Structure formats: structure tokens, C-alpha cells
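J.: Sequence:
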Amino acid sequence: MPSQAGHTGFRYDVRTRSSEPAMSTHPPQPPRVSVALCVYNGEKHLREQLDTVLAQRGVDLEVIAVDDGSRDGSVALLREAAARDPRLQVHVNPENLGPLRSFERAMSLGGGEFVAPCDQDDRWHPDKLAQLLACIGDADLAYCDSEYIDDGGRPSGRGISSDLTMMSGREPMRFVFSNSVSGHALIVRRALFEAARPFPPGLFHDWWLAMCASARGGVAYLDEALVQFRRHDAAFSPLGKDAAQAPPSRNRVWLEERRALLRALAGSAFDRDGRAAAMLHALEQAEAGRGYGPLLRSVWQSRAAAPPWRGSTAINALRLQSRFIRKLRRARKEPPIAGPRFRL
Numbered sequence: 001m002p003s004q005a006g007h008t009g010f011r012y013d014v015r016t017r018s019s020e021p022a023m024s025t026h027p028p029q030p031p032r033v034s035v036a037l038c039v040y041n042g043e044k045h046l047r048e049q050l051d052t053v054l055a056q057r058g059v060d061l062e063v064i065a066v067d068d069g070s071r072d073g074s075v076a077l078l079r080e081a082a083a084r085d086p087r088l089q090v091h092v093n094p095e096n097l098g099p100l101r102s103f104e105r106a107m108s109l110g111g112g113e114f115v116a117p118c119d120q121d122d123r124w125h126p127d128k129l130a131q132l133l134a135c136i137g138d139a140d141l142a143y144c145d146s147e148y149i150d151d152g153g154r155p156s157g158r159g160i161s162s163d164l165t166m167m168s169g170r171e172p173m174r175f176v177f178s179n180s181v182s183g184h185a186l187i188v189r190r191a192l193f194e195a196a197r198p199f200p201p202g203l204f205h206d207w208w209l210a211m212c213a214s215a216r217g218g219v220a221y222l223d224e225a226l227v228q229f230r231r232h233d234a235a236f237s238p239l240g241k242d243a244a245q246a247p248p249s250r251n252r253v254w255l256e257e258r259r260a261l262l263r264a265l266a267g268s269a270f271d272r273d274g275r276a277a278a279m280l281h282a283l284e285q286a287e288a289g290r291g292y293g294p295l296l297r298s299v300w301q302s303r304a305a306a307p308p309w310r311g312s313t314a315i316n317a318l319r320l321q322s323r324f325i326r327k328l329r330r331a332r333k334e335p336p337i338a339g340p341r342f343r344l
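Residue numbering for the sequence shown follows the UniProt record's numbering, starting at 1 and increasing by one per position.
Check each hint, because a few of them may be wrong.
[As the list claims (entries may be wrong)] Label-pair ranges, simulated between beta-carbon atoms:
{"id": "1", "residue 1": "N96", "residue 2": "A269", "range": "27 to 33 Å"}
{"id": "2", "residue 1": "S108", "residue 2": "D72", "range": "24 to 30 Å"}
{"id": "3", "residue 1": "D51", "residue 2": "P31", "range": "20 to 26 Å"}
These are calculated hints, taken from the structure and not from any lab test. Predicted, not measured: the structure shown is a model, and the values here were computed from it. Glycine residues also receive a C-beta, built at the ideal position from the N, C-alpha and C atoms.
Construct the complete structure from the given sequences, taking the supplied hints into account.
T.: What follows is the structure in C-alpha cells.
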């Protein structure tokens, strides 16, 4: 199938369209998508990102921009753009809320059936939202791959799928063990977003939404890079940093992440079979030195949720058991987690 370059440097397949006459002269109205754009001192790349968001095709678009106390020209830029395009609304937090609460607020302010979180420094393919809507089917969340670009916008030739195993389906424990869903690359049904509120403190909003969606309608993956994801030292997430170094307490951090994810899932309506609560208890027992047996059994009982590495389900479950034991042993030799409580 031939490919061509989009105006932002994307390469994408040309989709052929049917030549059959339409059954109606009034095509169905596309669903409304509320883009939730969070901004904090993002003036440098914000205009370029806004241009690609407002250029989305095939959707009924509204853009909810929430500024979280920027000290640069971000608010003025947003208001100038809103004066030109009524699809853009601008809100300014009365105080700095941080990324998690800002995204939750931005996602709550729209009226669309679907919600799409948006970072301040990326570029979107003009058909990103339309293709994700076509992909989502009966699922609650759909996401795509992303291509890495540097601070100057130059592609690296790699993408998120080069570094992560991209996952889908209806198994929430899979997203406890690992995560491949990035907020800048997803759309989610508003009904799922409302069911997932309030976002648990300390968790990334995209990771939490992926777990909740996989416990209900499921997660769908579109194997196309529809976002150019900018990596630079000022990025918030570790995935967005050019050269993120592993912390000296990385095994402690990994275990604390799992505890936080399990605790949030166990305390929600999405842990319908109690597996998250049981694994949380088993993990805490193992960390307290009371043996690995309950944890290994708990992982085995959730073997269908083991990350889809190479090999059979059983082999992947054994690898996951080994990972837990290795992390527990190494964590005992590491210093306490330094600084404020980690963010997933």
C-alpha cells in the first residue's frame, strides 16, 4: 500500500474510499471529542501543538485548555488562539494543581462523548482522533503508537513500540504488571472517565485509565504512529525525557509502583474478583520477609495477565514470578527512595 508524508512529517497509509453512492444525503454526525490540553510553562512548543490539534479531521472537536499557573506566555498564547477559534476554551487554575489534578479537571470540563488528553509539546497527525474512533469499537479506550522527536522536532527513527510491549484486551492485572498506554496517544469514553474518578493520588492518569478500561469494556490498540512525541529534559514523564537515568532505588520504586497500583485497583469497583487485593497482601507479606509462596501463587493465578513477552502464557508467568523475586531481593540492598513520593 503506498504511503505519503503529512505536513508535519508523518508517514501514513493512504486509505481508499468506497465509490458506492451514499444511502443518505445527510451523513451521520461524527461524535464529539473533547481534547483535554494541560499546560504549564509550555509556550515554546504550544502553538505548534495547538495547530495540529485544531487541524483534526472527521470529528466534532472541542479543545479544553487548562493552564496550571504558567509564568511564561502560555496563557496569552491560548487566549489569542481562542479568540480566533471558538472550539478552544481556556481555563486557568486558581492555584497550581499538578499534572494529575489538572488533567482530571480538563477532562471533566468538556461535553464530548469521548475525551482525549493532550500534552503541550507534541504534534498530532491530522487523522489521529478519527482513526482512534474507528479503532475503538466496543472498547472503553483506544490508543496508538507514537514516534519520538527531539526538542527541535527531528524524528529519531524510533517510537514507543520500540521500547515497550504494546498491550490491549480486557485484563486489568496486565496493566498492573506493565503499561504501554500513553495519555497523549489515547481516547477514552467519557462514561469510563467518570467511573474512574477521582483519580487516585500518585498515579499517572493514563495508567489508571488503562487499568479501569481493561476491567470494563477493554483496551484497543492501533498499530500506527499518529503522534510525534517530543522528548526533552523538561518533560514531565520519564518516557518523555531524552536520557532518563534509572534511580539508585529503582527496584524499590518498581515495588512501590506495584503496591500503589494494586492498592488503587483493590479499593475501586474494578477489582471484581478480588485478585488485586489478594496480590497486594501477598506482596506486602513478601516485602516483610514472610516468604514468597503466596506472592508466587498469586502471580500464577493471574498468569493470563502476564505481559505478552516471547513465549507461552506459562513461560511469561514464570518470568514474571522471577522478576518479582529479583526486585524484592535487590530492593533490600538499595537506599530508601529519595525525595518526595514518586509519581508513576
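J.: All hints are to be evaluated individually against the structure, with a verdict given for each.
T.: The hints, checked one at a time:
{"no.": "1", "hint": "N96 with A269: 27 to 33 Å", "result": "holds, 31 Å"}
{"no.": "2", "hint": "S108 with D72: 24 to 30 Å", "result": "holds, 25 Å"}
{"no.": "3", "hint": "D51 with P31: 20 to 26 Å", "result": "holds, 23 Å"}
Violation of the numbered hints given earlier is absent; every hint is satisfied by the structure.
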